[in-house]
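Here are the chains, one letter per residue:
Number of protein chains: 2
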Amino acid sequence: MQAEIIAIGDEILIGQTVDTNSAFIATRLNSIGIKVAQKRVIADEAGAIERALDDVLSDTVLVFTTGGLGPTKDDITKKTLNGYFGGELVFNEKVYQNIVKLFRSFNRTPSEINRSQAFLPSSCKPVLNKIGTASGMHFKQGKRHYFSLPGVPYETEYLVENKIIPWISENLQKGNVVHRTLLTQGVPESELAEKIADWENSLPLGISLAYLPSPGLVRLRLSSYEEDSKEALKKINRKAKELREILGDIIFGENAQTLEEVIGISLKQKKATLSTAESCTGGYIAHLITSVPGSSEYFMGSIVSYSNRAKKELLEVNMENIVAHGAVSQEVIEQMAEGARQKFHTDFAIATSGIAGPTGGTDEKPVGTVWIAVAGPQRIIARQFRFGKNRERNIRKSALMALDMLRREIQKFQS
Amino acid sequence: MQAEIIAIGDEILIGQTVDTNSAFIATRLNSIGIKVAQKRVIADEAGAIERALDDVLSDTVLVFTTGGLGPTKDDITKKTLNGYFGGELVFNEKVYQNIVKLFRSFNRTPSEINRSQAFLPSSCKPVLNKIGTASGMHFKQGKRHYFSLPGVPYETEYLVENKIIPWISENLQKGNVVHRTLLTQGVPESELAEKIADWENSLPLGISLAYLPSPGLVRLRLSSYEEDSKEALKKINRKAKELREILGDIIFGENAQTLEEVIGISLKQKKATLSTAESCTGGYIAHLITSVPGSSEYFMGSIVSYSNRAKKELLEVNMENIVAHGAVSQEVIEQMAEGARQKFHTDFAIATSGIAGPTGGTDEKPVGTVWIAVAGPQRIIARQFRFGKNRERNIRKSALMALDMLRREIQKFQS
Numbered sequence: 078m079q080a081e082i083i084a085i086g087d088e089i090l091i092g093q094t095v096d097t098n099s100a101f102i103a104t105r106l107n108s109i110g111i112k113v114a115q116k117r118v119i120a121d122e123a124g125a126i127e128r129a130l131d132d133v134l135s136d137t138v139l140v141f142t143t144g145g146l147g148p149t150k151d152d153i154t155k156k157t158l159n160g161y162f163g164g165e166l167v168f169n170e171k172v173y174q175n176i177v178k179l180f181r182s183f184n185r186t187p188s189e190i191n192r193s194q195a196f197l198p199s200s201c202k203p204v205l206n207k208i209g210t211a212s213g214m215h216f217k218q219g220k221r222h223y224f225s226l227p228g229v230p231y232e233t234e235y236l237v238e239n240k241i242i243p244w245i246s247e248n249l250q251k252g253n254v255v256h257r258t259l260l261t262q263g264v265p266e267s268e269l270a271e272k273i274a275d276w277e278n279s280l281p282l283g284i285s286l287a288y289l290p291s292p293g294l295v296r297l298r299l300s301s302y303e304e305d306s307k308e309a310l311k312k313i314n315r316k317a318k319e320l321r322e323i324l325g326d327i328i329f330g331e332n333a334q335t336l337e338e339v340i341g342i343s344l345k346q347k348k349a350t351l352s353t354a355e356s357c358t359g360g361y362i363a364h365l366i367t368s369v370p371g372s373s374e375y376f377m378g379s380i381v382s383y384s385n386r387a388k389k390e391l392l393e394v395n396m397e398n399i400v401a402h403g404a405v406s407q408e409v410i411e412q413m414a415e416g417a418r419q420k421f422h423t424d425f426a427i428a429t430s431g432i433a434g435p436t437g438g439t440d441e442k443p444v445g446t447v448w449i450a451v452a453g454p455q456r457i458i459a460r461q462f463r464f465g466k467n468r469e470r471n472i473r474k475s476a477l478m479a480l481d482m483l484r485r486e487i488q489k490f491q492s
Numbered sequence: 078m079q080a081e082i083i084a085i086g087d088e089i090l091i092g093q094t095v096d097t098n099s100a101f102i103a104t105r106l107n108s109i110g111i112k113v114a115q116k117r118v119i120a121d122e123a124g125a126i127e128r129a130l131d132d133v134l135s136d137t138v139l140v141f142t143t144g145g146l147g148p149t150k151d152d153i154t155k156k157t158l159n160g161y162f163g164g165e166l167v168f169n170e171k172v173y174q175n176i177v178k179l180f181r182s183f184n185r186t187p188s189e190i191n192r193s194q195a196f197l198p199s200s201c202k203p204v205l206n207k208i209g210t211a212s213g214m215h216f217k218q219g220k221r222h223y224f225s226l227p228g229v230p231y232e233t234e235y236l237v238e239n240k241i242i243p244w245i246s247e248n249l250q251k252g253n254v255v256h257r258t259l260l261t262q263g264v265p266e267s268e269l270a271e272k273i274a275d276w277e278n279s280l281p282l283g284i285s286l287a288y289l290p291s292p293g294l295v296r297l298r299l300s301s302y303e304e305d306s307k308e309a310l311k312k313i314n315r316k317a318k319e320l321r322e323i324l325g326d327i328i329f330g331e332n333a334q335t336l337e338e339v340i341g342i343s344l345k346q347k348k349a350t351l352s353t354a355e356s357c358t359g360g361y362i363a364h365l366i367t368s369v370p371g372s373s374e375y376f377m378g379s380i381v382s383y384s385n386r387a388k389k390e391l392l393e394v395n396m397e398n399i400v401a402h403g404a405v406s407q408e409v410i411e412q413m414a415e416g417a418r419q420k421f422h423t424d425f426a427i428a429t430s431g432i433a434g435p436t437g438g439t440d441e442k443p444v445g446t447v448w449i450a451v452a453g454p455q456r457i458i459a460r461q462f463r464f465g466k467n468r469e470r471n472i473r474k475s476a477l478m479a480l481d482m483l484r485r486e487i488q489k490f491q492s
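Chains Y and C, in that order, give the protein sequences. Positions 78 to 492 (this note's numbering) are the ones given, in order, by the first sequence. Positions 78 to 492 (this note's numbering) are the ones given, in order, by the second sequence.
None of these hints come from the bench; they were simulated from the model. There may be inaccurate statements among the hints.
Covered stretches of chain Y (chain C as the covering partner; in silico rule of three or more C-beta atoms under 8 Å from a C-beta of chain C) [stated by the list, open to error]:
1. 163-177
2. 314-327
3. 384-390
4. 412-426
Ideal Cβ positions, reconstructed from N, Cα and C, are used throughout, including at glycine.
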């Protein structure tokens, strides 16, 4: 079964907003075996919406539109779909009561503008949106189903997850698609390709491999669209096992896992605790770690020591070391890691200090120079890196590298 | 002049990667008056690429493809374009020397796989990519120009910014488009719409308004595609001025500015310094602040006190207060803010403490309850919020609200 996504919104076309809805919808469809054949982004114009609907590929059974359902004048999707499928806008009491209830939870009452959102095309079934004022809509024409969803990612995710995926699973037949993605850290794409060249050549027909590089990590995705999904899964699992043997601990996890989730699981298993002392990463590592629900069980906190004075007073780094070797040095980074470990009374601590850029570099320590240390119960390890000139990438790469060094140290730890 | 973007990659179609390249390209094209009429995302399949190229709208002069230029087997864009435009793959010494140079900077030498990236279609001009091994390509057919760019955002951004935009500005004529976006914080979309309803009705023909809501803030974009861009800019500026008068300090900035950038500018102007004490935001506020280049001038650091012990030992919060009122309380949040201000010797400090979720709520303090304080030289303010049940959104909304409270306090400050 084949799907298409049409994202409606000038803000996406002009690049002001990044379209995350399409990625979410595609991921969820994929997980139940539905392949997305095409995505389009078009303007908030009736003509563009109508043309995109006319141009849907002939094999497509599911069409999703996102955006243009808000209460304001620039939102024209509802009116356009009403015209396209024929009918009139009708007041829906159930949808209105939901709006009233939402406003009550914020101690407010709906205005006339908000009430207008309860008028829906007579040709659709509403897809009730309990967490927002824009109702989802379900149209049917021949064998094809059209779902119109709001542009707000939070609401679209809610509707897809709780309403549409369950409806599809119950009412429509599914195709077969199997993916498995292995996550690697610290080895560049072309080096990985060389390491696994023989294995890649041995992949059977019907199984494909994709390299998905992003700053600091490369994902390796195995896919099969074969008819017999049980057989395909077996083949993919066998190949994934071989890949794990070749790459060893370069692989840190699978599928949608993040490095910080993998670390959280290991820390809980080993009943160990963690803290960080961050200079160039500025709190980003703590943010990644605390993005994981339940992280308060093992994460005690961080000292972001952006100034030398904070390094000295809060982490007890020797001023002599800072003066003699600079804040970006092995001497200082080791004291920062040990300082955090002691101040937060944790088993492990991560420390980072570097020149994130765009300015602040010297000949000896150019922009992108970063020291990272991991202190544990048995030892401290410290490594120097040269990333690049881009501040955002330096912060991200430093954080991922630090988490990866920690992951390897935790593996060695016996509680 | 009209452009289209074709993003090539199964990883985008299946939702594993969010397409940020299109947004970047569109923003830069827009800034020189070129409108993006459509974007498409298609599979890594020769047939899909050929069909997308055939389907380009007749008015389109610029076509951008991204992705599929890597050194590995799943990258087929180069081969497909070579077939589509006719010709053969030819070794390009200049492109190869660039690859050799790149590898040297990492103390490595290119492999056979890397060398293969120096073979380019004879029908294209290379667009030299100094920061990556995949060369950009420029094809021409009739009046239409095609640019093929790598999927790695960092490299595509480099090529668009440094090579393609300058080339277009020099060689092709431009159309007219004027945008101006005002950024608001803390007022929901429908309330904003009511506040500015009369003003919105007074907008002259040819100027349109769009509401762009995202968690915690709403952007208001004024656009004109009129022929006379000087006249359009005048009209837009007049309307923006009126809007600023109506909304006052609800507006915190314009266009691509972030709250943390605006705060950075104010702090520098007033020669004031900042620190944070973060519990529920877990370092995210420090991360936002330190994302801004030059932030070390005014940001001294943060204590992320995820445990009560850290709140007591590092921020000197009274344990009695934690026991009597809980860590999420006015008493504790005020002590946290003042604690950070003193430990980091700063003029201002932000503190957050809340229940980010998904668990940890009580009847009295449900998930989403957050206390935020801002301590300054003259006073401490503290406010309680109820956000929602989603951890990620709670962290984001708390951070934006805290930055907005700080922004208003800095405005009042005379150094």
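(message) So is the region 163-177 of chain Y in contact with chain C by the C-beta rule, three or more residues under 8 Å, or is the coverage claim wrong?
(response) violated (count 0)
(message) Can you tell me if the region 384-390 of chain Y counts as covered by chain C, using C-beta to C-beta distances under 8 Å and a minimum of three residues?
(response) Since three or more residues must qualify, the claim that chain C covers the region 384-390 of chain Y holds, with 4 doing so at under 8 Å.
(request) Tell me if chain C covers the region 412-426 of chain Y under the three-residue, 8 Å CB rule, please? (result) Answer holds; 3 residues pass the 8 Å Cβ test.
(request) Go check the region 314-327 of chain Y versus chain C for me, would you? Three or more residues, Cβ under 8 Å, otherwise it fails. (result) violated (count 0)
When each numbered hint is compared with the structure, violations occur for hints 1, 2.
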